[in-house]
Amino acid sequence: MHIRGDHAELVVGGRLDVRSAADARTVLHSAIDDGVGDLVLDLSELDSWDATGLGVIMGAHRRAGRCGRRLVLRGVKPQMQRLLVATRLHRILAIEGGIGVESLPRV
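So for the sequence shown, full-length UniProt numbering puts the first residue at 1; every next one is plus one.
Calculated directly from the structure, the hints in this document are not laboratory data.
Yeah, the Cβ is synthetic: ideal placement off N, Cα and C, and Gly gets one too.
Treat the hints loosely; a few may be bogus.
What follows is a set of in silico ranges between Cβ atoms, one per label pair, in the way DEER data are often shown [to be verified]: (1) Gly68 to Asp47: 23 to 33 Å; (2) Asp6 to Gly68: 14 to 24 Å; (3) Asp34 to Pro78: 27 to 37 Å; (4) Val36 to Arg74: 14 to 24 Å; (5) Gln79 to Met58: 15 to 25 Å; (6) Ile92 to Gly37: 14 to 24 Å; (7) Met58 to Arg19: 28 to 38 Å; (8) Glu96 to Val36: 15 to 25 Å; (9) Gly97 to Ala8: 15 to 25 Å; (10) Gly55 to Gly13: 13 to 23 Å; (11) His7 to Met58: 28 to 38 Å.
Based on the sequences and whatever the hints tell you, model everything.
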């Protein structure tokens, strides 16, 4: 997993899973605490995430809210969109462009 960017926009790539969760959490919390306004997470380079990785995203979402900020997801791939819809997290998280539930392929 790799994350690059600043306190306004971060690009997340590789795998966001149990092995990378602690490092990702540290970077996200630092970016949230050091900035103002929306924090955009560009997930276009993210290959996959597991439940732990999704938990890191949700934790960052809650922390951003407590800091008066908003976490915005950008570049969410279709397979990740399906997971957000299945867990109903697409209703909670801010997703740039939204998710067209009807257009997602069924599995």
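Exercise for the section: Could you tell me which of the numbered hints above are not met by this structure, giving the numbers in increasing order? Expected result: Numbers 7 and 11 - these are the hints that the structure violates, sorted from lowest upward.
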